[in-house]
Amino acid sequence: MKSEIINLEANQIARAIKKKEVSAREVVQSFLDRASDLNPKLNAFLEVKVEEALEKAQFLDDKISRGEPTGLLAGVPIAIKDNICIDGWKATCASKILEGFVASYDATVIRKLKSADAIFLGRTNLDEFAMGSSTENSAYGATKNPWNLDCVPGGSSGGSAAAVSARLSPLALGSDTGGSIRQPASFCGILGLKPTYGRVSRFGLIAFASSLDQIGPFALTAQDCALLLQVISGGDSLDSTSSDESVPDYCSEVTQPLLPLKIGIPKEYFVSGVEDSVRSKVEEAIQTFKSLGAQCEEVSLPYTDYATAVYYLLAPSEASANLARYDGIRYGHRSNKGKSLIQTYENSRSEGFGPEVKRRIMLGTYALSSGYYDAYYAKAQKVRTLIRKDFEQAFQKVDVLLTPTAPTPPFKFGEKVKDPLLMYLSDIFTISCNMGGVPGISIPCGFDSKKLPIGFQILGRPYDESTLLRMAYHYQQKTSWHKQIPPVK
Amino acid sequence: MAITKKDVEYVARLARLSLTEDEKENFTSQLSSILEYMEKLKTLDTSGVEPTSHPFVSKTVWREDVVKPLFKAEKILENAPDKEESFFKVKKVLE
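Top to bottom, those sequences are chains A and B. Take the first sequence: its position 261, counted from the start at 1, is 260 in numbering that gives the first Met the number 0, and no numbers get skipped. Take the second sequence: its position 32, counted from the start at 1, is 31 in numbering that gives the first Met the number 0, and no numbers get skipped.
Fair warning: there could be bad hints in the mix.
[Claimed, not checked] Selected chain B positions facing chain A (in silico; Cβ < 7 Å):
hint, residue
1, Thr27
2, Gly47
3, Trp61
4, Ser85
[To be verified] Using 35 Å as the maximum straight-line C-alpha spacing, the simulated DSBU-like pairs for lysine-lysine come out as follows:
hint, chain 1, residue 1, chain 2, residue 2
5, B, Lys91, B, Lys4
6, A, Lys89, B, Lys41
7, A, Lys89, B, Lys5
8, B, Lys82, A, Lys113
9, B, Lys82, A, Lys411
Quick caveat, the hints were computed from the structure, so don't treat them as lab data. Yeah, the Cβ is synthetic: ideal placement off N, Cα and C, and Gly gets one too.
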């Protein structure tokens with residue numbers, strides 16, 4: 000059984016452990032062994048918590064043998080993006096400025112996972128403070144794509160995506176501000192879901208851009224994605240932006256019949272710049288849904304072309320305010336250079352932050368500064384309204400929108416890192432979703448000629464994650480892309 | 000619009016960043032080309048359009064102001080770069 004454990008789905012693992020077909024300890028050990036073999040090559044985990052995971056597994060096995068009740072994810076391993084706080088664990092955001100910082104409380108999603116009896120394997124790599132699309136901005140080295148070690152895994156949640164893709168963990172959590180779950184899911188050939196803004200509490204998620212950030216699941220199958228979303232969703236008095244909207248039973252919703260379903264194909268997402276391999280695989284996915292009986296029609300989201308410009312004004316503006324807290328006084332890196340308090344601030348920040356974070360703080364500070372506020376920040380907020388209305392209008396006609404997740408398959412290391420604007424444009428199809436607050440999922444739909452993964456994205460109405468999961472489920476019943484295992488050895 | 004090295008130095012001061020000469024040069028050209036891309040927003044007529052600060056119209060969340068323990072000071076201070084008793088220690092603020 001042991002060699003097969005790593006290929007099991009999370010829901011299968013949970014069931015097998017409950018039935019005592021396998022112990023939680025065996026499961027955890029299998030994934031830890033796999034991580035110890037492959038993580039040195041992939042750098043998906045910044046830290047693997049071997050002892051702690053095994054102890055928790057033993058604790059659960061004892062509980063099960065005593066016949067005590069256990070949670071939905073009892074014994075299921077999960078990897079956590081290193082911008083989500085776990086009490087007593089380091090939390091670095093892949094930044095030097097938080098080197099040595101230890102979280103003093105659990106994020107709400109972590110508290111929920113603990114009460115569901117999930118087992119945390121470790122902290123996964125990311126672009127520093129979740130700012131990037133390739134994980135190359137990590138202060139602790141880039142993560143590699145399990146499908147091709149010369150390629151990026153996407154970002155910012157590249158470590159979580161690579162960990163699930165390479166079967167180092169059956170589940171992972173990421174965060175998505177402009178595509179940071181969906182784009183790496185696409186690049187690594189797995190599922191990644193950004194829930195509706197407010198669906199999941201962000202208490203304990205280290206803030207990047209507060210009007211856009213959401214925590215969400217990575218998994219191999221729709222059922223697993225539903226299972227993890229089930230556990231982490233719901234309102235929270237510690238996050239007043241979370242929603243009290245009732246949480247459906249995703250675990251049973253996911254396998255419900257698909258029809259009737261109207262799919263909108265936004266013409267602005269099939270423009271030049273989309274690579275042929277991506278276009279043809281996404282068109283095949285559209286054909287699959289037609290064969291399942293869905294109706295497809297072309298729709299227009301006319302303000303799509305402005306989304307990148309709006310996002311790269313609003314997100315850095317919010318980031319420049321959120322990251323003002325890193326001043327070397329209460330936690331994190333403090334420079335011992337400089338004589339005055341102001342110099343302590345300036346030197347601590349300059350020594351602690353990497354180039355992309357500094358660039359975004361500069362951009363955001365500029366956009367918010369006196370004399371430029373109206374021309375940049377306020378203007379971008381108004382155009383955001385137009386982008387949001389694009390979605391409202393489209394969802395009056397169709398149930399969901401289907402698009403490519405990214406314009407290209409995974410790119411090579413160093414290809415875009417020197418040109419910030421070029422890197423920003425790799426998020427072109429994932430950004431609007433965050434601006435409108437709607438849910439989005441990336442689903443693997445094949446490979447290009449070099450065997451690099453390609454994904455498509457489905458965007459839905461607010462709080463309609465059920466339809467996205469159901470579409471993923473029915474698509475995966477018809478296809479086997481999600482069953483392919485990356486060649487990394 | 001092109002931004003100058005002087006703009007970069009001014010913004011760096013606002014952002015409490017001390018930049019090297021190389022960083023100043025880089026940011027001057029990179030921020031200029033990024034902001035040039037943003038110019039496309041100016042072609043849109045947004046008169047009468049309300050700004051969006053959050054995706055959904057959200058209401059202010061009210062709650063009773065009840066004192067309850069959330070964190071222990073000693074635990075929070077474990078992350079302090081420098082401390083004395085139960086305080087964060089900083090450089091002299093007033094001469």
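To see whether the hints hold, each was checked on the structure:
The closest approach between the C-beta of Thr27/B and any C-beta of chain A is roughly 10 Å, which is over the 7 Å cut-off, so the hint fails. The closest approach between the C-beta of Gly47/B and any C-beta of chain A is roughly 9 Å, which is over the 7 Å cut-off, so the hint fails. With a least beta-carbon distance of about 9 Å to chain A, the hint placing Trp61/B at the interface is violated under the 7 Å criterion. Against a cut-off of 7 Å between C-beta atoms, the interface hint on Ser85/B is violated, since the closest Cβ of chain A lies about 13 Å away.
At most 35 Å may separate the alpha-carbon atoms for a hinted pair to count; Lys91/B and Lys4/B meet this at roughly 32 Å. Between Lys89/A and Lys41/B, the direct Cα distance comes to roughly 44 Å. Violation of the 35 Å bound is thereby established for this hinted pair. Among the hinted pairs, Lys89/A with Lys5/B is inconsistent with the structure: their alpha-carbon atoms are about 39 Å apart, more than 35 Å. The suggested pairing of Lys82/B with Lys113/A holds, with an alpha-carbon distance near 32 Å, which does not exceed 35 Å.
A hinted pair counts as satisfied when its Cα atoms are at most 35 Å apart, and Lys82/B with Lys411/A does not qualify at roughly 45 Å.
Checked against the numbered hints given earlier, this structure breaks hints 1, 2, 3, 4, 6, 7, 9; the rest are met.
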